[in-house]
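**Q** Here's the letter readout for the chains.
2 protein chains.
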Amino acid sequence: MANKSRALAQRMLLICRQETRAYSLWRRTTIPIAHLIKPSIMHFKFSLNVNKHSTCTTGSSSLSFRSHTCGELRPADVGEEVTLCGWVQYLRQDLFVIMRDFSGLAQILIPQDEDKMNLKTALCDLPPESVIRVKGTVRLRPDGQENKEMPTGEIEVLAESVEILNVCRKLPFEIKDFVKKSESLRMQYRYLDLRSSQMQYNLRLRSQLVMKMREYLCNVHGFVDVETPTLFKRTPGGAKEFVVPSREPGRFYSLPQSPQQFKQLLMVAGIDRYFQLARCYRDEGSKPDRQPEFTQVDIEMSFVDQAGIRGLIEGLVQYSWPVEKDPVSTPFPCITYEKAMKDYGVDKPDTRFAMKLMDISKTFHNTEIEFLKDALNQPGGCIQAICIPDGADICVQYFTPETFEGQRSRIPEANCQDPVRPVSVVLVKADGALKSPLNRLMPASAKQQLLQMAQARPGDLLLISAGTQECVRPLLGKLRLQCAELLEGSGVAVRDPSAFHFLWVVDFPLFLPKEEDPDQLESAHHPFTAPLPEDAHLLYSLPHKVRGQHYDLVLNGCEIGGGSIRIHKASDQQHVLETILKEDPSLLSHLLEALDSGAPPHGGIALGLDRFLSIIVGAPSIRDVIAFPKSFRGHDLMSRAPDFVSEDELKSYHIAVNWPAGDEGNQEK
Amino acid sequence: MANKSRALAQRMLLICRQETRAYSLWRRTTIPIAHLIKPSIMHFKFSLNVNKHSTCTTGSSSLSFRSHTCGELRPADVGEEVTLCGWVQYLRQDLFVIMRDFSGLAQILIPQDEDKMNLKTALCDLPPESVIRVKGTVRLRPDGQENKEMPTGEIEVLAESVEILNVCRKLPFEIKDFVKKSESLRMQYRYLDLRSSQMQYNLRLRSQLVMKMREYLCNVHGFVDVETPTLFKRTPGGAKEFVVPSREPGRFYSLPQSPQQFKQLLMVAGIDRYFQLARCYRDEGSKPDRQPEFTQVDIEMSFVDQAGIRGLIEGLVQYSWPVEKDPVSTPFPCITYEKAMKDYGVDKPDTRFAMKLMDISKTFHNTEIEFLKDALNQPGGCIQAICIPDGADICVQYFTPETFEGQRSRIPEANCQDPVRPVSVVLVKADGALKSPLNRLMPASAKQQLLQMAQARPGDLLLISAGTQECVRPLLGKLRLQCAELLEGSGVAVRDPSAFHFLWVVDFPLFLPKEEDPDQLESAHHPFTAPLPEDAHLLYSLPHKVRGQHYDLVLNGCEIGGGSIRIHKASDQQHVLETILKEDPSLLSHLLEALDSGAPPHGGIALGLDRFLSIIVGAPSIRDVIAFPKSFRGHDLMSRAPDFVSEDELKSYHIAVNWPAGDEGNQEK
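If you're matching them up, the sequences are chains S and W in order. Following our numbering, the numbering of the first sequence begins with 70 at its first residue and continues without gaps. Following our numbering, the numbering of the second sequence begins with 70 at its first residue and continues without gaps.
Chain S with its partners taken away, still in its complex shape (with noise of 0.2 Å):
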């Protein structure tokens, strides 16, 4: 008796410490606060997560050592006798156990009977993170001492018995500068990252994402979930394609970038509809979050158009899409390439807002402004602007004749050959009056004209550039980009963070002028795209002029797919290759051959899977919705790889390393 009014003792004064000791625990632990804080993560629904009473049949309990999960249990559940496995979260004072299992916590009351103490004892020093299986029955808990914070907060249960079934000896989190080496720490031990509640919800949003979207292909609309293989050919000038050694001497297999030529000769073998989860590799060296694998949704429809892939596309999201955010409305707006560099200088428009590009040359088509009237006096010439509302205190700053020179040098350079020009600067003061260099130049007609055009109130921002258009629309399009980051950044509200707009992008050129040499053309995306009916003429005649059947869709301002209505005659398509984009056929035989075999009119587009899902889950990158990403240079810093090999494991594949001077010796072998 005595220990039971400690015991109700103790639990008064801990409900009130309950919240400030989570998060001190988390401190140490670096459990992430949200398994603490956030029901609403920890609750998301599962599929099948069906019945709490279910006889274990079905369900994530089903053939189990557990009962229930611990994050399930509810009033309803009170004077069941339930077995719960799990992870010690944290022990409170000898008197309670705060369990977790992916599904959420549940309080566990270790009786205080002198004929349990052996329970207690067991469970007395137990480290944070050891597993334990806890029998006991389930009871509401006492007036007054519910947690609305959290989900099992107005039950708990009384242990029975409890096994420890592994103890958890080594918690490398709790290494002092954590904040600082966070990321490689999370990437070594992966294993422990991934227990956090952010990342298992990233996870089963993946699976249950892709879950949906295979019903719906599958189920829905008839599609074939095909395999296709990573040990392929090299695609020729495929020079980001990991070579795989094969044990004849200098024969490679490649690993592709994409099921591209496999997808089509399928529709070619009658495959109707089909789609695969892809598995695709690309060698990029140490690019900032890109994965040197990564998984495509890949999809080919043979007797469709881009209507039909766009409209399949569209019921895939609205289908797939979770249940816990907004639902997404079809169809999607679709705009052309040609639209959205005019009015976002870019052909993945962020669409949640707005700060437009704006053509105001004829404001300055009598201008006495040297640079100006030169920037429209040459060919293509143009001055455009874009206003920034509330830009006036916060952007201005940042905008020195430096960073404009930094916006100005990532445009490339095959576009862009006028002479290097600033951004001019326009402020509108708070009557109204602009404050810029440019004012003294400017008559007071063309100011009054450029503040409406550009609609700018007091306060906003003008930014205005003069020169070709393939210059200003892209140094326009990135300085929105910016600008909208600088506000953010202030607390000025310009995306709605909730929001996801999805946007097609279509009639994009089939083909572009070479970087390299801009007298020869290459594939705006690639060879096989079909030009847009009302252009197959001009394939033969000015291909420079042709549109292509390719689409984009941007979510967010990001590209996360992409497909086109391909070529099927063989002919078309060995005029594309041959004539127009000068590369040998002879490469691309077995394709231009089953396209003599009587290939379908076919079409299709692949998503990326994982941009897609950091978008939805506002990830700050692709390697939080991928369970074992590699570092930024490509290494998996929990394994070690990629590792040193011996000669003689490389002698079967008749290869040899080539050591850079000097390095041999710090080879480990």
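Check before you lean on any hint, since a few could be wrong.
It does not matter which identical chain is meant; a pair holds if it fits inside one copy or across any two.
[As the list claims (entries may be wrong)] Distance condition first, Cα-Cα at most 35 Å in a straight line; then the derived DSBU-like pairs of lysine-lysine:
#1 K638 - K583
#2 K516 - K217
#3 K651 - K239
#4 K356 - K614
#5 K651 - K720
#6 K614 - K217
#7 K638 - K204
#8 K309 - K720
#9 K547 - K408
Simulated from the structure, these hints should not be mistaken for lab results.
Got chain S sorted already, so can you dock chain W onto it with the hints?
**A** Below, chain W without anything else, positioned relative to chain S:
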């Protein structure tokens, strides 16, 4: 009108010739005859090929140029205006086009009216396998002209318009010596081979089976589909792992043989239930019917025991089993490794037939026959037999001493150190007398006892082998299978070709003596398998006596899956690696650390999807259930992979080819 009566006359004539013509056409085009005469295969069910009167927002014709698939039209569709897209299977005397898509065949009637002559002209001389779109009206075939062999045989489509979407210019299968070259031709023109109804069936069944498996795992049992990397670190001794050079000199990724480490790490990460249709890689050179990349259904669960995993898999097979096959009953029978070896001489017994091994040692315990006496006198010596019902006539002629030598030599040397002993052949004559070299050496009582033990009847064949158990069992086990094949080859029914016998084999030894050094132990399966609880104490005293918690799933004598409950304590794992297997535990330090960081008890299994499917569809090779398989030498005969890569392209990977002497000149760069 003249046209019409001519048409009718033609029709009468043609109907009789239909089957003959179809066959001769098949010979010309090599479209498998199954297309023309096997409606049962053509007409298997699609999960949601739902509503043939659909508005086409779902089902196989959604979002498509077509309104219906060729194979779905029935008398209920009469009067309907339909659009079909597909391939010209064949033309019949300018009157009919037989049109094909994945779903089957439809007969198109070409109107013979003067004003539709252009339509007739367009179709005339159109090569088979050209792609067309036909718009027309469904009507009943005239009385008596139905084709009962064809699912759409009661109707035809009267064409109103026809569009030729692509002309088939090449039919590489018109090669004279077709039968002989078939396999490599099939591979080279795989996109044509896949048009056969059998390959369409195989790939579509694969897709459906996999979809069902996913539904079962995800939706019924709360599994999480997690993708694991394929660019990984080389595992110690992973001689069969392909290497992938990275851009860092001397460092290589490795393509893993299975996600074993990752699946265990996911359990440590609290994912609780993981599955993946995992692409796996194994570089085995030119083994028959192996593929360098293959797919396994990879599963891992926390808080589960053997019975849980076995129950899960039984449910999985039952749930995903093709509806057109007889249902599978569960639970599957389960026998120990010891029992499998004792009764069948093999650890993956084909239980579709008996002919079990019998120990007949006691019949000969007083024998004077020298080699039998010697056999019994050695440690572990025994005399065993199998009885082949009705084998006297068919099998005996094949069993020359050389045959037995051949069998004998396949038994690994480590297990079989006694001198070679031939198998003794005993025929049971019609009068019940024995015919055998042993006959005159055996007393009548022994003969009687032998016949009784073997339950041998007149016409049976007894095969007797003497030696150590380790030799005799595998030898008789192989002869058992060979006799079954011999009997079946002569038309004797031994195994029901439509029967599917699933079997669990359990209680394998955890360790086996190393082949190259029998004093050392190696893992029977892999070093992560946990011991049977009742044998766990032997791990530290008599490891060679320990049985593991491993289970194999056998179907019709093929191992289609295997798994185990894993070691989840770091100390046990360390002991197994370091003390028992004498391996360097630092190579698996990340796994050992993970086990020390709160690893739950866990176990799993992997099923070989390709093999499983090939047994279900009765295919002779796993190549028949893979869309684009490699040849037995590991080549893609269509694209000619693996291929040569220029020295220059290899430079960024810091590798160079070691050309074998005299070979360098031959390289085609």
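**Q** Each hint needs a verdict: does it hold in this structure or not?
**A** For each hint, the structure was consulted:
1. K638 - K583: within (25 Å within a copy, 59 Å between copies)
2. K516 - K217: Answer is neither: 59 Å inside a copy and 84 Å across each miss the 35 Å cutoff.
3. K651 - K239: between (60 Å within a copy, 25 Å between copies)
4. K356 - K614: within (33 Å within a copy, 53 Å between copies)
5. K651 - K720: Classified as between: cross-chain Cα gap 26 Å, same-chain 38 Å, threshold 35 Å.
6. K614 - K217: Answer is neither; intra-copy 64 Å and inter-copy 55 Å both fail.
7. K638 - K204: Cα proximity of K638 and K204: across copies only (22 Å, versus 68 Å in one copy).
8. K309 - K720: both (25 Å within a copy, 13 Å between copies)
9. K547 - K408: Result: close within a single copy only, 16 Å intra versus 72 Å inter.
The structure fails hints 2, 6 (numbered hints given earlier, in ascending order).
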